[in-house]
Amino acid sequence: MDVNTHKNSQRAFLVSEGDGDPLLSEQVEAGLRGDFKRGKEISQILEKKYPQNNRAAFNRAWYKMRDGDLLEGLKLLDHGRWLSVFGDQPLPTSKPIYQKGNPLKGKSVLVCSEGGLGDEIINARFVQDFAKQGAKVVLTCDPSLTSVFSRIEGVSAVIGHRRSPEVYHDYWVPAMSAARVLEYTNRKLTGEPYLKVHPDYEEKWRKAFKKLKGPKIGVRFYGNPKFEHEQFRKFPKSLLWKAVEGFEAVNLQKEETDLDLSSWEDTLGVISQLDLVITSCTSVAHASAALGKATWVVTPILPYYIWALPGETSPWYQSVKLYRQTKFGFWEDVFEKIKLDLKSYF
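Under our numbering, the sequence shown has 193 at position 193, and the numbering climbs by one with no breaks.
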C-alpha cells in the first residue's frame, strides 16, 4: 500500500489537513512510514516556525509522549481542543476549570467525558483522584456507559451528557484534560483496573459459556466503521481467525456476533468469562484492559497517544500487551507473532 495515496486524506492520530504548511503532511507521511526520527525533526521545525500554532503543538504531543514525557505531551494534547478533535463543545458554565492546587475538600467537581467511547473509558479512571482529595465527583458520559461507570470507586453520580448543565458544581474538568490537570507522568500511572462487572451479568455469561472447553479468547477486528481513521486500525479478519485456530474464539464484534452485546453490561459480562481478549485499538480494548483482563491490542504503525511510548507494555494498563504494526499496510508478521505467542501463553 502506497503511503502517498493517503496524503491529505487521513491523519491517524496526528492532525495535518487544513493548515497550509506542507511540512504537516510530510510529518504524517513520516509517521505512517515509521520514520519517527523525521517526524520528530519536523515537530521541532514547526515549533520554531509556529510557536503559537495549535495544530503544530497538537502534533508535537505524540512525539513528546513517545519520548517518555507524558506530562508535556498532555499539555500539548490540549491544543486539540481548539481544533475540535475531541468532538464536544465546551460546557456552558461560568464555573472555573479545576487547576492543580485548588482545594477540593467539600467541593463538587463535574468531569465531562469527551471523544469516542474509548476515550471516555480511558479517562473515567481519573474521577478517583478527585474523590481522594475530598471532592464530590459527578461524571458525564455517553448514556450507554452510565451504569458501568457508576461502579467506579469514588464517583458520586454518573449522568448522560445532555444533563451536564443541570448539575451543580464548583469546578469542572473536560475529561481529555484530566490527566494534565492532575499532572500525570508515566511513573504516576498505575495501570490498575478500575471497571467492575455487575454480578448479575457475570453470572449470566458464566452459565452461557460453561459448556465451552479450553481457553476462551475474545476477538474483535475493528471499531466504529464510521470513524474517519478506522482504515488505519483495521486489519483483515482472516489473519486473526487464523491466529486463534484451535482455541475457543468468542466474537466480540457486535455487528457480526450471535451474542447479545447490545449493552456494555453484557459486553463486560462476556469479557469477564474469557481468558484473553485480542483486538484492534477499540473501546472494547479499553474496557477489557480497565477490567484487568489480559488484553492483546493490535496497533497501527502510528498508534493512539496512550500507545505512543515504545515497547510491548503500557503504563496505562497493567494487563495489556501491544502488538505493533511495523510496516504501513502490512499485518501478516503481527499475526504470526500472535499465533506463536498463543502457543506458549496457554
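These aren't lab readings, by the way, just hints derived from the structure by calculation.
The reader is advised that the hints may include incorrect statements.
[To be verified] Below are the SDA-like pairs computed for lysine to any residue, each with C-alpha atoms no more than 25 Å apart in a straight line:
(1) K242 to I301
(2) K242 to K136
(3) K254 to W241
(4) K37 to G68
(5) K321 to N251
(6) K321 to K343
(7) K136 to P103
(8) K216 to S263
(9) K339 to S263
[Said to hold, decoys possible] Across the chosen pairs, the derived CB separations fall in these ranges:
(10) L212 to K343: 16 to 24 Å
(11) Y345 to P310: 19 to 27 Å
(12) P51 to E203: 23 to 31 Å
(13) S144 to V167: 13 to 21 Å
(14) Q44 to A157: 42 to 50 Å
(15) R187 to P96: 25 to 33 Å
Built from N, CA and C at the ideal position, the CB exists for glycine as well.
Going down the list of hints, with the structure as the test:
| no. | hint | verdict |
| --- | --- | --- |
| 1 | K242 to I301 | 22 Å, holds |
| 2 | K242 to K136 | 49 Å, violated |
| 3 | K254 to W241 | 16 Å, holds |
| 4 | K37 to G68 | 15 Å, holds |
| 5 | K321 to N251 | 20 Å, holds |
| 6 | K321 to K343 | 16 Å, holds |
| 7 | K136 to P103 | 12 Å, holds |
| 8 | K216 to S263 | 21 Å, holds |
| 9 | K339 to S263 | 30 Å, violated |
| 10 | L212 to K343: 16 to 24 Å | 20 Å, holds |
| 11 | Y345 to P310: 19 to 27 Å | 22 Å, holds |
| 12 | P51 to E203: 23 to 31 Å | 57 Å, violated |
| 13 | S144 to V167: 13 to 21 Å | 19 Å, holds |
| 14 | Q44 to A157: 42 to 50 Å | 45 Å, holds |
| 15 | R187 to P96: 25 to 33 Å | 29 Å, holds |
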